[in-house]
Amino acid sequence: MTLTLVLGGARSGKSAYAEGLVAGFPPPWSYIATAQAWDDEMAERIALHRARRGAGWQTLDAPHDLAATLKALPSGRPVLVDCLTLWLSNRMLAEADLAIECAALVEALASHGGPVVVVSNEVGLGIVPDNALARRFRDAQGRLNQGVAARADSVLFMVAGLPMKVK
Amino acid sequence: MTLTLVLGGARSGKSAYAEGLVAGFPPPWSYIATAQAWDDEMAERIALHRARRGAGWQTLDAPHDLAATLKALPSGRPVLVDCLTLWLSNRMLAEADLAIECAALVEALASHGGPVVVVSNEVGLGIVPDNALARRFRDAQGRLNQGVAARADSVLFMVAGLPMKVK
Amino acid sequence: MTLTLVLGGARSGKSAYAEGLVAGFPPPWSYIATAQAWDDEMAERIALHRARRGAGWQTLDAPHDLAATLKALPSGRPVLVDCLTLWLSNRMLAEADLAIECAALVEALASHGGPVVVVSNEVGLGIVPDNALARRFRDAQGRLNQGVAARADSVLFMVAGLPMKVK
Numbered sequence: 009m010t011l012t013l014v015l016g017g018a019r020s021g022k023s024a025y026a027e028g029l030v031a032g033f034p035p036p037w038s039y040i041a042t043a044q045a046w047d048d049e050m051a052e053r054i055a056l057h058r059a060r061r062g063a064g065w066q067t068l069d070a071p072h073d074l075a076a077t078l079k080a081l082p083s084g085r086p087v088l089v090d091c092l093t094l095w096l097s098n099r100m101l102a103e104a105d106l107a108i109e110c111a112a113l114v115e116a117l118a119s120h121g122g123p124v125v126v127v128s129n130e131v132g133l134g135i136v137p138d139n140a141l142a143r144r145f146r147d148a149q150g151r152l153n154q155g156v157a158a159r160a161d162s163v164l165f166m167v168a169g170l171p172m173k174v175k
Numbered sequence: 009m010t011l012t013l014v015l016g017g018a019r020s021g022k023s024a025y026a027e028g029l030v031a032g033f034p035p036p037w038s039y040i041a042t043a044q045a046w047d048d049e050m051a052e053r054i055a056l057h058r059a060r061r062g063a064g065w066q067t068l069d070a071p072h073d074l075a076a077t078l079k080a081l082p083s084g085r086p087v088l089v090d091c092l093t094l095w096l097s098n099r100m101l102a103e104a105d106l107a108i109e110c111a112a113l114v115e116a117l118a119s120h121g122g123p124v125v126v127v128s129n130e131v132g133l134g135i136v137p138d139n140a141l142a143r144r145f146r147d148a149q150g151r152l153n154q155g156v157a158a159r160a161d162s163v164l165f166m167v168a169g170l171p172m173k174v175k
Numbered sequence: 009m010t011l012t013l014v015l016g017g018a019r020s021g022k023s024a025y026a027e028g029l030v031a032g033f034p035p036p037w038s039y040i041a042t043a044q045a046w047d048d049e050m051a052e053r054i055a056l057h058r059a060r061r062g063a064g065w066q067t068l069d070a071p072h073d074l075a076a077t078l079k080a081l082p083s084g085r086p087v088l089v090d091c092l093t094l095w096l097s098n099r100m101l102a103e104a105d106l107a108i109e110c111a112a113l114v115e116a117l118a119s120h121g122g123p124v125v126v127v128s129n130e131v132g133l134g135i136v137p138d139n140a141l142a143r144r145f146r147d148a149q150g151r152l153n154q155g156v157a158a159r160a161d162s163v164l165f166m167v168a169g170l171p172m173k174v175k
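Protein chains in written order, with my numbering: chain F, 9 to 175; chain R, 9 to 175; chain V, 9 to 175.
Watch out, some of these pointers could steer you wrong.
[What the hints assert, rightly or not] Quick look at which bits of chain V chain R covers, simulated, 3 or more residues with Cβ under 8 Å:
| hint | region |
| --- | --- |
| 1 | 48 to 61 |
| 2 | 128 to 134 |
| 3 | 156 to 170 |
Don't read these hints as lab results, they were simulated from the structure. It should be emphasised that the depicted structure is a prediction, and the values quoted were computed from it without experimental measurement. Glycine included, every Cβ here is placed at the ideal spot set by N, Cα and C.
Taking the hints into account, I'd like the entire structure generated from these sequences.
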């Protein structure tokens, strides 16, 4: 149906805003989480996000198999994907072929039958990172964001919790 | 009266633009500076900002007691707070309880009787920082910006010296 | 004639969008490249950009003498400058007087007879860099972007391949 990309920096209110968009559709809603609790810092963030969501949400974990998880959902089910940045990071660490996987993911997002809201980070607006892995990640994230944005019906850039309409 | 948040990156023209907004009200104007001259680099920046402001400005230094300084101002006095990022950095280094202090500051900003223009940095649009302190700061800054933006009448995102209207 | 600044982060689609703007004018088009192939990573990027451009483009290399290269172009010739960030980096490493050179460049861009589209990076929206050289670069880039934006007829901020109108 419709594909919305909610893009922004760290602590820009992306997840809360995206949840509100999905909750504008009739429940049940699917929440596809891509986070992996590597350490306490991340575990705390996951718990905070989970606590904020109330009833009506079905949570699915897909740190790696995001496209397949999307395809397995009932047709027409509103879904929140939070977020592409952690998924991309997981796939890069797993040494996946990012060009192929990102193309497949964009296709899966654009062809889902129901409304899809996707959260992703903009990471390219600082100084060039010192290490090559960070530069590779930054490039891959930028390309993935462009790929999703090109197919999205709506793109929002979050600034201090507020959405700016990009598309 | 009105609360305006001027948000942007380094060298995006935040301070000059914010000064222009305050100077649109009748003088005298209060300038609350949060900078501390730790080193020559910072001392030079403070001197440059001070030189740009002309007559009509009363300068107050509040590297730590920002909310109290705001409350002590005459009611209705137009005020520029420059900036939240340095204040937050000072309070984090002082090991303050940031959640409590940020909530109190947002309340003080929103309840001042006169027009208030607040400058703050957006710092979350680069690659995740390597060190944990920088990540903590980035999170705290994002939350503070969201808190101020939620209460603000107007939010501007500066790009190359030009304001983009967010709210 | 007209000066357009296309500003954005890494992999935000700046170059492709800027090429489309210039190609909207009748050919031939001049492409002024500021990149230097220091290593394989950069050589690959240059080759990718070159391959994307088709016939109708005249490529000039100006890693250092950007203002002079602009002035030597036939009057009225549409030109793409890609990008200010690499030029600035080259000039900083050459220990040039950046304030003087940036002022001269802005003047050359604004006084060219034909349509000019300039690509530049926004680099100030992350955490303050650890090293002093990166901070100096960030400051110089922000000032240069402000200088060009002030003289530009149009300023676009790229987000995920999509232009946001700033001016």
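Proximity test - 8 Å, beta-carbon atoms, the region 156 to 170 of chain V to chain R, at least three hits: holds (count 5)
8 Å C-beta test of the region 48 to 61 of chain V against chain R, three or more residues: This one is violated; 0 residues, fewer than the three required, reach chain R with a Cβ under 8 Å.
Are three or more residues of the region 128 to 134 of chain V within 8 Å, CB to CB, of chain R? Our answer is that it holds, as 5 residues pass the Cβ test (under 8 Å) against chain R, meeting three.
In this structure, the one hint that does not hold is number 1.
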